[in-house]
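Taken in order, these protein sequences are the chains called A and B. The opening position of the first sequence corresponds to residue 1 in our numbering, with each subsequent residue numbered one higher. The opening position of the second sequence corresponds to residue 651 in our numbering, with each subsequent residue numbered one higher.
Treat the hints as calculated values from the structure; they're not laboratory data. There could be a bad hint or two in this list.
As the list claims (entries may be wrong) - Residues of chain A placed beyond 12 Å of chain B at every Cβ, according to the derived structure:
| id | residue |
| --- | --- |
| 1 | K45 |
| 2 | G48 |
| 3 | K151 |
| 4 | N192 |
| 5 | A198 |
| 6 | Y260 |
| 7 | K311 |
| 8 | T312 |
| 9 | K326 |
| 10 | D403 |
| 11 | Q478 |
| 12 | G499 |
| 13 | A503 |
| 14 | E600 |
| 15 | Q609 |
| 16 | K628 |
What the hints assert, rightly or not - DSS-like cross-link-like pairs, simulated, lysine-lysine; straight-line CA separation at most 27 Å:
| id | chain 1 | residue 1 | chain 2 | residue 2 |
| --- | --- | --- | --- | --- |
| 17 | A | K341 | A | K411 |
| 18 | B | K1176 | A | K45 |
| 19 | B | K888 | B | K801 |
| 20 | A | K151 | B | K1009 |
| 21 | B | K695 | A | K526 |
| 22 | B | K1009 | B | K1020 |
| 23 | A | K326 | A | K238 |
| 24 | B | K1009 | B | K990 |
| 25 | A | K151 | B | K801 |
| 26 | A | K643 | A | K409 |
| 27 | B | K976 | B | K961 |
| 28 | A | K317 | A | K340 |
| 29 | A | K345 | A | K311 |
| 30 | B | K801 | A | K45 |
| 31 | B | K738 | B | K1059 |
The beta carbon of each residue, even a glycine, is placed where N, CA and C say it ideally should be.
Number of protein chains: 2
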Amino acid sequence: MPAPAHLLMGTGELAINQDFSISLSATSDPRLEIAASRLMAHMSKRTGMPLSPNAQRPVLMIECANSGQPVQSLDENESYKLSVTPQKAILSAPNPLGIIRGLATFEQLVVPSTAAGFAVPALTIEDAPRFPWRGLHIDVSRHWMPVEVIKRNLDAMSAVKLNVFHWHLSDNQGFRIESKQYPKLQTMGSDNLFYTQAEVTDVIAYARGLGIRVVPEFDVPGHSTAWLVGYPELAAAKGPFEIGRTWGIFDPVIDPIADYTYTFLEGFIGEMAALFPDAYFHIGGDEVNGREWDENPRIAEFKREHGMLAKTGTPSKNELKLSDEKLQAYFNQRILAIVKKHGKKMMGWDEILAPDLPKDIVIQSWRGQKSLADAVQQGFQGILSSGYYLDHMDSSATHYAVDPLIDPKTKQPLNLTPEQAAKILGGEVCMWSEYVSAENVDSRIWPRTAAVAERFWSPQTVTDPNDMYRRLDVLSEQLDWYGVTHRSSYTPMLDRLAGTETADTLRTLADVVTPVGLGGRARARKYTQQTPLNRLVDAARPESIVARRFAAQIEASDWTAVRAQLILWRDAPPPPQNALLQETAPVSAALKQTATLGLEALNFITSKQRPLPVWTMQATQILTDAKKPKAEVTLAIVDPIRKLVEAASQ
Amino acid sequence: MPAPAHLLMGTGELAINQDFSISLSATSDPRLEIAASRLMAHMSKRTGMPLSPNAQRPVLMIECANSGQPVQSLDENESYKLSVTPQKAILSAPNPLGIIRGLATFEQLVVPSTAAGFAVPALTIEDAPRFPWRGLHIDVSRHWMPVEVIKRNLDAMSAVKLNVFHWHLSDNQGFRIESKQYPKLQTMGSDNLFYTQAEVTDVIAYARGLGIRVVPEFDVPGHSTAWLVGYPELAAAKGPFEIGRTWGIFDPVIDPIADYTYTFLEGFIGEMAALFPDAYFHIGGDEVNGREWDENPRIAEFKREHGMLAKTGTPSKNELKLSDEKLQAYFNQRILAIVKKHGKKMMGWDEILAPDLPKDIVIQSWRGQKSLADAVQQGFQGILSSGYYLDHMDSSATHYAVDPLIDPKTKQPLNLTPEQAAKILGGEVCMWSEYVSAENVDSRIWPRTAAVAERFWSPQTVTDPNDMYRRLDVLSEQLDWYGVTHRSSYTPMLDRLAGTETADTLRTLADVVTPVGLGGRARARKYTQQTPLNRLVDAARPESIVARRFAAQIEASDWTAVRAQLILWRDAPPPPQNALLQETAPVSAALKQTATLGLEALNFITSKQRPLPVWTMQATQILTDAKKPKAEVTLAIVDPIRKLVEAASQ
C-alpha cells in the first residue's frame, strides 16, 4: 500500500534469511547508500533477525540510472521497477527517488511465509505515482510537536510514498522556529517551544534521505498573533499582544501598508528562504477577518488613495470586505516580490488567489475541488486539502473516496482539459493541532493518512474500500516499525485513565468509540492550549476496528459471532470510577443498552419472528439517543446495530 | 513499591492539578535540581496535563539538609520523610539520595482520584532501605544492549529505588567498551558494538542523577575470549582466537604468569579506573576451567616453582584443580594490587574468595546464601545474586521469597552475628543475555526486578506474595512512563509472528505461556549469538498474568468466570500458520486439550458428581504431557487446571 500501478504475480517466493544483503550499482547519490542501510536496519528490526555483516551474495540488487537533483524537485521521476524471483530481487529506477519508493514497496512485501521464515513473493511491479505532490501538513503551532514526532512521521510518510512535508510553523498560538534576525519571534512567541535552525536543517536532511520535500509555511497576514507578541510594530492595531491560547479566526493582523512590515518580511523571508532549500514557500494567507484593518484610519486612507474604497462616504459592510480582499491582494503582491527575490515560488491557501499573480504559484485548497478547478482554469497550479482534514475525525474510507479530480457532489470528473487537470498537482492531508498533542497526534495521522496516500499515488481506478481496509489493517501494524505511536500510545493512555485499576473494562469501551470532530469538541467545552488532552476522547482512535469487524459480521449474517460480541458488550462491567472517567458513564450505559437492543433484534432475526411496530419505534429512539455524542465520543456500533434492527423489522 | 518502612495514612488527599510546582530548599547539590525537573516532566507525562510554567504556590516542598558525596558511596544516607496533607507535601531528607528516593515514592502515589482529577492521598512516610547495595546486573556481552536500553533501565531502576548498576562489559562473546590504550579490544572483540568512553561517561552522569552507582565488571582470567581476539599474547594458549558465538565455560584464559599480562592489565585497569568513579571494581573471576593452564608447560613449571604443585610426579586431576585455584588466587592477588593502586576496592564472584585477600573486598555470590555466610564469617563483605537470576524464568514470587539473610532450605535466618549479618550488603538481580536481545530484554527484567527491589529495600517482614502482586501489577503499568518496553514490545513481536494475519489468536496463546529457562533453551536447540530471538518463546513474558488471575478465580470458586475462560481457550482458533509459528501447533493443541479437561472437571465440581478413577488417571496423564515444554514454552494454566482436577476427584 499504496497499490502499485502494475503488478504481475510470479511463482514461488524469495526467502529472506540472515544472509540478506544488498548490492548498489555505482552512482554518486548518497541517498542510495542511506536508503540501503536504512533498509538493512529495518529488515533486521522487522524480522527480528540479526543480519550477517559478511553476507556475500546480494539478494537485492539496486540499479539506479542517474543521480537526483541537489534539491528534490516537484517533477523528478519517482518510477521504479521491482522484479522478484525465487533467486533474487532487482530494483531499478531512473532516479534515486524511484529507488526509495521501490524499497518502501519491498519492505512491505517481507512477511513470514509458509515455507521459509520470511519471504517476498515472486512478482514484477512497474510503478509510478499518479500525482507529483503528495503531502502531509502538520500544524506545530496550536500544540507543540518535538523533533522526534516530526522525524517518526517522516519515516512513516516515506513508507506510504508521501513526498511533501508541509510544516505549519507559525500561527496565533505559537511561533515555532528560531529566527536569528528577529529572535523575539521565538523568545516571546513560543513559550520556549520552537525548533532551532540546526534542528530544522537536520529535519530537512533527514527528509531528503527519505525522498521528502519540506515546505515551510509562515501564515500572513492573519493567523499571526504569535509574531506580534515580540514585534507589535508589525500589527495593524495597537499592542501589546499575547500568544493565542484558544483558536478560531482572530482579529490581530499584520499592517499591510507600513514600510516596517516589508523591511521586516524582507529580512525574515530571506533568512527562511536560505534555511529551507525547497522551491516553494507557503505564505498561508487564509482567514483574514479585516476588522483591525477596517478600524485603522491610516489603512482606510491608504485604501481610498489606492482605489480600494470610494474616496468619500461611509463604505458598506460589503464594500469594506471587498476592500480588505484588495488590500490582501496588494499585500500578497508585495510578499510575492520578496519571495521571488529569494528564489522561491509562492504558495498559499485559496484566499490568495488573484488573477494578477504569476501562474507558477500553487493554490492549496481547503475549500474544495470547485475552488481548485477555478484556480487551474485560470492557469494556476493547485493541490487539494479539502476532504483530507484529519481533525474532522472521518473514516479512512471517507477520505479515500475524495479524489482531487472528481467533484464530490456529482461524483463526476471535474470539467477540465487535460492541460488543466495536469495543473492539479496532488494533495495534502492536514493535521491541525487544536485537539492533539505529541502523545496522540500519531493516532490521528495513522493509519488514515495511508488511505489518502494511496489516493495520491495509485491509479484512479483503485477505489474499493473493503480491499483498502484489508490492506490498511496490515499496513497499520507494519507502521509500528517506523516508530510512529499510533497504536502503542493507546495502552498507556488507557492505563493512565484507569489509574490503579485494570484498564481492561475501559478498553472494551474505548475500542468501540470514536472522538467527535473539532466542531463537536468546540461545542462541548471551552478548550485552551493548556487543556489536558488526557481523556477518553483523546485516547480513542478515529476509527473503531472492532466496530468495523462487527459490521462485517452482520453483513455476513455470522449470527454466532454477532451474538457473542453483543453478549460481551451487554455484560461488560463499567470502567473504573474516578474523576477522569466519570463522564464516560453515559457512554457505557449506551453501549449496554444498544447491545441489549441488538440481542433482541438478533433474536427476532434468528427466530424468524417479527417485532411489533412499537418495539421498532422504541428501538429507533434508543439508537437516536445512543448516536448522540457523549463525553465527546460517538458510539461506533450504533450504525451496525441499526442494520440489525432494520433487518429484524423487515 | 517497594513498601516503605513506616506509613501512616492521613485523611483526605492533595489534589495534583496544572498548578503543581516544587520548591527546593537552598542546597548546592545539582542532583536536586535535576530530580525536581525530572519530576515535573514525569508528572506532566503521567497525568497528560501540561503543567503551568508560572505556578506560584509550591505544592511539593523539598528540604534537603546536606549535599551528597562527590562520588556516590555505599554508606550514604538514603532515608527520607514524606508528609502529604490536603494542602501540601513536604519531602525532607538528610542527603540528596533520600530526596531522589522520596520523589520516586511521591510519583507512584499520583493517581486519578474520585474527587479531583489526580491526587496523592494524605499520609506520612518515614522510609529508609534495609540494604545499602541494591543492584541490577546487565550482561551486554552475549547480546549487545545499546545506550538507550541502559538508560531506560536506569530510569526504571530509580523508580524502584535500586542504587547499583553492575555493567558486565566483557565476556567471551564481546568486549563492549572502548579502550584508548588497547583499541584492538573493541575493534577486534566487539563486532563494532561497543560503548565509546564518551557514552560511558554520559551513562555514569545519568545514573548519578538517578542516585545510582555504576560498577563495571571486566571478567578475568576466564570469560575473556573477546580480549584475546585482539591481544592473543595475553592468552595461556596459542591463538588466534575468535569472538565466542556460543556460551558456556570456554577454555581460553589469560596467562597468569606472563609479565605482559600485568603490564597490560596495569594499563587497562588504570584507564578504566579513571573512567569509572565508583569505589568498586569488579574483576569477575568466575568459571575458570583451567584446561589451558594445565596444558601449558611454562605454567606447570611456574606452579611447581611456587609450591602449587609437587616438584615431581604426574599430578592427579584433583591436584591439578587445586593448583589452578591457587594459581587464580595468585593472579587475583596481583590484580588486587593493581586495582588498589588505582584507588579501587576489588569485587568478584564467589570463586575469588581466598583467606589472604583484604576484608574490604566484596564477594558476589551466585552460589547461594551458604557461600555468602562463609564469606562474611571470614570477615569479607558480600552480596547475594543466587536466586535472582532472571534467565531462569522464575516467577516474581519465587525471587521475592529469596532473602539474603535467610537460608533457602531451612527458611531460617543464617547463623550470623549482627556484625557478620551487616557485612551482607544486599544483592543484585542478574540479567544474563544469552537468550535476550535489546528488543525483549526489558520484558525479562521488568516487572520481576521490582519484586526483588522490594526485598532489598523494605523491612524483612514484608513478604506476602499476593499483596506484592497486587502492587506489582500497578507498578508494572506505571513503569511504561519510564520508557522501559517490558509491556510495549509484546504487541509488535506478536504482530511480526502473525505477519499479514491478525495476531489476536496468537495473543490468546501467548498470554498463557511462559518461556523455559536457559537450561531448557540450551537443550532445545543449538543457539548462537546470531540466532534470531523472534519466536513465541521470545515474545512470551516470564509470568502469565492471565494464568495468575485464572488461578485466583479457581481459588475463589468463581465458577462462572472459570467456565467462561475455559470455553474461550477451548474454542480459540489456532494462531496463523506460517514457518515461524509452525512449532506452536502442539502448544495450542495442549491449550485446547487442558481447557477441555478443565471444563470436564468443572462439570464434576458444579454437578457435585465424582469422576471415575480412570478419568482422573487420564486427566493426570494429560496434565503431565501438557506441562512438558513445547516450542520452548510452558503452558501456565496447567497447574491451576490440576487444582480443578484434584478438586473434582476429591
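Hint check:
K45 (chain A), annotated as away from the interface, has a beta carbon of chain B within 12 Å; the closest lies near 8 Å. For G48 (chain A), the condition that its CB be more than 12 Å from all CB atoms of chain B is violated, with the nearest at approximately 3 Å. Every beta carbon of chain B lies more than 12 Å from that of K151 (chain A), the smallest distance being close to 15 Å; the non-interface claim holds. Under the 12 Å C-beta cut-off, the non-interface status given to N192 (chain A) relative to chain B is violated; the minimum distance is some 8 Å.
In this structure A198 (chain A) is separated from chain B by more than 12 Å, as the shortest Cβ-Cβ distance comes to about 20 Å. No beta-carbon of chain B is positioned within 12 Å of the beta-carbon of Y260 (chain A); the least distance is around 31 Å. For K311 (chain A), the requirement that its beta carbon stay farther than 12 Å from each beta carbon of chain B is met, with the minimum near 50 Å. No beta-carbon of chain B is positioned within 12 Å of the beta-carbon of T312 (chain A); the least distance is around 51 Å.
Non-interface call for K326 (chain A) relative to chain B: holds, since the shortest CB-CB distance, roughly 41 Å, exceeds 12 Å. No beta-carbon of chain B comes within 12 Å of the beta-carbon of D403 (chain A); the shortest separation is about 27 Å. Distance check for Q478 (chain A) against chain B: the nearest CB is about 8 Å away, which does not clear 12 Å, and the non-interface claim fails. Taking the minimum C-beta to C-beta distance to chain B, about 4 Å, the non-interface status of G499 (chain A) is violated against the 12 Å cut.
The Cβ of A503 (chain A) sits about 8 Å from the closest Cβ of chain B, inside the 12 Å cut-off, so the non-interface label is violated. Look at E600 (chain A): its CB is around 22 Å from the nearest CB on chain B, clear of 12 Å, so calling it non-interface holds up. For Q609 (chain A), the shortest C-beta to C-beta distance to chain B comes to about 28 Å, beyond the 12 Å cut-off, and the non-interface label holds. No Cβ of chain B approaches the Cβ of K628 (chain A) within 12 Å, the least distance being about 25 Å, so the stated non-interface status holds.
Simply put, K341 (chain A) and K411 (chain A) have alpha-carbon atoms about 42 Å apart, too far for the 27 Å limit, and the pair is violated. A hinted pair counts as satisfied when its Cα atoms are at most 27 Å apart, and K1176 (chain B) with K45 (chain A) qualifies at roughly 22 Å. For the proposed pair K888 (chain B) and K801 (chain B), the alpha carbon gap of about 39 Å is over 27 Å, so the pair is violated. For the proposed pair K151 (chain A) and K1009 (chain B), the alpha carbon gap of about 54 Å is over 27 Å, so the pair is violated.
Between K695 (chain B) and K526 (chain A) the CA atoms are separated by roughly 22 Å; this keeps the pair inside 27 Å, and the hint holds. At roughly 18 Å between alpha-carbon atoms, K1009 (chain B) and K1020 (chain B) fall within 27 Å of each other, so this suggested pair holds. Note on K326 (chain A) and K238 (chain A): the hinted pairing holds, with a Cα-Cα distance of about 23 Å set against a maximum of 27 Å. Between K1009 (chain B) and K990 (chain B) the CA atoms are separated by roughly 13 Å; this keeps the pair inside 27 Å, and the hint holds.
Note on K151 (chain A) and K801 (chain B): the hinted pairing holds, with a Cα-Cα distance of about 21 Å set against a maximum of 27 Å. A C-alpha spacing of about 26 Å is found between K643 (chain A) and K409 (chain A), which places the hinted pair at or below 27 Å, so the restraint holds. A C-alpha spacing of about 15 Å is found between K976 (chain B) and K961 (chain B), which places the hinted pair at or below 27 Å, so the restraint holds. The suggested pairing of K317 (chain A) with K340 (chain A) is violated, with an alpha-carbon distance near 34 Å, which exceeds 27 Å.
Straight-line distance between C-alpha atoms of K345 (chain A) and K311 (chain A) comes to about 35 Å, which puts the hinted pair past the 27 Å bound. With a CA separation close to 20 Å, the supplied pair K801 (chain B) and K45 (chain A) stays within the 27 Å bound. With a C-alpha separation of about 48 Å, the suggested pair K738 (chain B) and K1059 (chain B) falls outside the 27 Å cut-off, and the hint is violated.
The structure fails hints 1, 2, 4, 11, 12, 13, 17, 19, 20, 28, 29 and 31 (numbered hints given earlier, in ascending order).
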